[in-house]
Amino acid sequence: MPHVGLTHFLVISSILFSLGLYAVIVRKNAILVLMGIELMLNSANINFVAFAHFGNLGLDGQMMALFVIVLAAAEAAIALAIVLNIYKTFLHINVDEVDKLKE
Amino acid sequence: MPTDSIMLTEFGKILIFMILSVVFVAIGLFAAKLIRPSRPTKEKSTIYECGEETVGSPYVKFNIRFYVVALIFIIFDVEVVLLFPWALAYKNFGVPGFLVGISFLIILVLGMAYEWRKGDLEWDRPRPNIPNLINDKAGFDK
Amino acid sequence: MELYDIIFYFFAAMILVSGFVVVGSKNIVYSAYSLLFVLVGIAAFYILLGADFLGVVQLMVYVGGILILLLFGIMLTNKVKGVEIKSDSNFVIPSLITIAVFTAFLLFVITETNWLEITPEFVQTTVKSLGIELIQNYSLVFEILAVVLLIALIGAATLARNDNKEN
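Residue numbers (the working numbering), protein chains in the order written: chain A, 1 to 103; chain B, 1001 to 1142; chain C, 2001 to 2167.
Because the hints were derived from the structure by calculation, they are not lab data. Treat the hints with care, since some could be wrong.
[Said to hold, decoys possible] Using 25 Å as the maximum straight-line C-alpha spacing, the simulated BS3-like pairs for lysine-lysine come out as follows:
{"#": "1", "chain 1": "A", "residue 1": "K88", "chain 2": "B", "residue 2": "K1118"}
{"#": "2", "chain 1": "A", "residue 1": "K100", "chain 2": "A", "residue 2": "K88"}
{"#": "3", "chain 1": "A", "residue 1": "K28", "chain 2": "C", "residue 2": "K2026"}
{"#": "4", "chain 1": "A", "residue 1": "K28", "chain 2": "A", "residue 2": "K100"}
{"#": "5", "chain 1": "B", "residue 1": "K1033", "chain 2": "B", "residue 2": "K1044"}
{"#": "6", "chain 1": "B", "residue 1": "K1091", "chain 2": "C", "residue 2": "K2128"}
{"#": "7", "chain 1": "C", "residue 1": "K2026", "chain 2": "A", "residue 2": "K88"}
{"#": "8", "chain 1": "B", "residue 1": "K1013", "chain 2": "C", "residue 2": "K2128"}
{"#": "9", "chain 1": "A", "residue 1": "K88", "chain 2": "A", "residue 2": "K28"}
Take the sequences, apply the hints, and build the full model.
Written out as structure tokens, the structure reads:
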């Protein structure tokens, strides 16, 4: 078994990205879709940090990952507020049945 | 080939300790589960003396106020996270480095002031109906 | 097989197994709890990659913040008495095929590329150097992040408060 290197981290992150994509496409519940988005953001973050580490590229990759985490927090806050309003209007949060902009 | 077997930072060693502690507890619990006898009776599986019988489902709907508090929490959590590296490094840059962080703080304090002004930080408690003891006492004496 | 590799495979297995549970579970609460293990595993990955501050940030922001927010979202959007906690899927077969092809392509590219890999240097701790980088090269981004957080705070609080007032 080879020594753990860049490829191993990239493989894990790509599988994680595919899982997140699956959740975004397939699942109906809006909160599960959000979880899928978080998985995809995290896999991108693993890539940033792995390239920064194995390429000796300095700290720019880590800075990017830090900014992604901060933006993910803001995104989750806003998205959940929207989901709560959807729940209040439709009494469910199935994203494929939310097709009216106005009642 | 790197011969140092642990290519980890100081924090990585702490990580190893954390894993070991989790594994240690897991092994202990699992071994105990294998060894100990398990003969539950109806008496044994009732709720222990001072416990209450549970009522209803644990999946209750929360009050939405909790969400607003959690929201404020997460924004300021992120703020603290960003201030850590700044606080360690601003001395190297003199006044400009200090101003960078202070203006960051001022912008976020604006949000805090907004929340405060709009009353999102208020938590109106339900007022319990306290019986008026003085009047009741008058009735009790009779 | 060194200690580093053992830790890597342990956390990789943890991330993948709980990732599949997140995506596949019928019960949303199980998904949220599995997401906890995915996020902790990713924090361990950051530490393995020499980014100790990012690992801590991952624990603080994701595990301590976003996951709790998601759990609040689950608890707030389910009927009080119903069994609405379950969740369905649609378009399973076509999207599975598409995603399998996509993943296979991605893995092919990753494994076939001859990545330029340098034996990494481990620095002691990255917090201070991250701070220097933040003030030196990314100070504008730092301020813009403050504005973004302010907007997120005000916007989300407004959305949530409207809901609150009408109840």
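TODO: Mind checking the alpha carbons of K88 (chain A) and K28 (chain A) for me, to see if they're no more than 25 Å apart?
DONE: Given pair K88 (chain A), K28 (chain A) holds - Cα atoms ~17 Å apart, limit 25 Å.
Task: Satisfaction of hint between K2128 (chain C) and K1091 (chain B), Cα-Cα up to 25 Å - done: holds, 11 Å
Open item on the list: Does K2128 (chain C) sit within 25 Å of K1013 (chain B), going by the straight-line distance between their CA atoms?
Closed with: holds, 19 Å
Open item on the list: Does K88 (chain A) sit within 25 Å of K2026 (chain C), going by the straight-line distance between their CA atoms?
Closed with: holds, 23 Å
Task: Distance restraint between K88 (chain A) and K1118 (chain B), which requires alpha-carbon spacing of 25 Å or less - done: holds, 22 Å
Open item on the list: Hinted pair, alpha-carbon criterion (25 Å max): K28 (chain A), K2026 (chain C). Please report holds or violated.
Closed with: Within the cut-off at roughly 11 Å; holds.
Task: Restraint check for K28 (chain A) with K100 (chain A), where alpha carbons must lie at most 25 Å apart - done: Roughly 16 Å separates the two Cα atoms, so the pair holds.
Task: Straight-line alpha-carbon gap K100 (chain A) to K88 (chain A), limit 25 Å - done: With a Cα-Cα distance of about 14 Å, the restraint between K100 (chain A) and K88 (chain A) holds, given a limit of 25 Å.
Task: Pairwise hint evaluation, K1044 (chain B) against K1033 (chain B), where the allowed Cα distance is 25 Å at most - done: holds, 17 Å
The structure meets every hint from the earlier list without exception.
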